[in-house]
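Spelled out from the first residue to the last, the chains are:
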Amino acid sequence: EAGVAQSPRYKIIEKRQSVAFWCNPISGHATLYWYQQILGQGPKLLIQFQNNGVVDDSQLPKDRFSAERLKGVDSTLKIQPAKLEDSAVYLCASSPRLAGGPETQYFGPGTRLLVL
Amino acid sequence: DQQVKQNSPSLSVQEGRISILNCDYTNSMFDYFLWYKKYPAEGPTFLISISSIKDKNEDGRFTVFLNKSAKHLSLHIVPSQPGDSAVYFCAASGNFGNEKLTFGTGTRLTIIP
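Residue numbers (my numbering), protein chains in the order written: chain A, 1 to 116; chain B, 1001 to 1113.
Treat each hint with caution, since some may be false.
When the alpha-carbon atoms are kept at most 20 Å apart in a straight line, the in silico EDC-like pairs for lysine to aspartate or glutamate are as follows [unchecked claim]: (1) A:K44 with B:D1001; (2) B:K1100 with A:E14; (3) A:K11 with B:D1001; (4) A:K44 with B:D1055; (5) A:K44 with B:E1015; (6) B:K1071 with B:E1042; (7) A:K78 with A:D63; (8) B:K1068 with B:D1024; (9) A:K15 with A:D63; (10) A:K44 with B:E1099; (11) A:K83 with A:D56; (12) B:K1056 with B:D1024.
Hints were generated in silico from the structure; no laboratory data involved.
Computed from a predicted model, the values in this text were never measured in an experiment.
Based on the provided sequences and hints, a complete structural model is requested.
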């Protein structure tokens, strides 16, 4: 079974530029998560999708971050414009369960973003 | 406001000995706790979990202990092996795992051969 795929793996941009990350979850997984992991901190949930609907985006900075999950499969996370403090690893995870059991979240390798 | 804290950023343990990783939490609404393991350039992988209705859960070499009154949990690995060298994250959730995860800052475990 293929794991969660993310691209690109690394991205360097200048502040005020825009950037987009892509995630392909494990086939058949209904729930998709985007996390932000700043250096020295644990992952922080940005947004959770269930199929193509948003379940929780309470920690997503909506003035600059946006995410979508068209057709309930792949997802993109966009930052526009980027700030220095957005430098982090962006992790995508998917889960086959609609609710409960966080241990069933499978994480991708992440995209490391550096904003200069 | 760090609701889940791992106060030791790093830990070194001799191969074959016991590794003990600690985690404290402040939110009394948390009732489900997990440990994740992360290797470099990979995403975290689930290791073991415990519900607040239990005080111990064991899976092979890994045991998690929960002390609800102290709001403290610990992960014991025995015996420690070189492949256990990784960053370990403690995470907590409410509503018995139905709410979003709050992660700690991680502890880097190094097993010395």
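Can you give the numbers of the hints that this structure goes against, from lowest to highest? Hint check: 2, 3, 4, 5, 6 and 11 fail, others pass.
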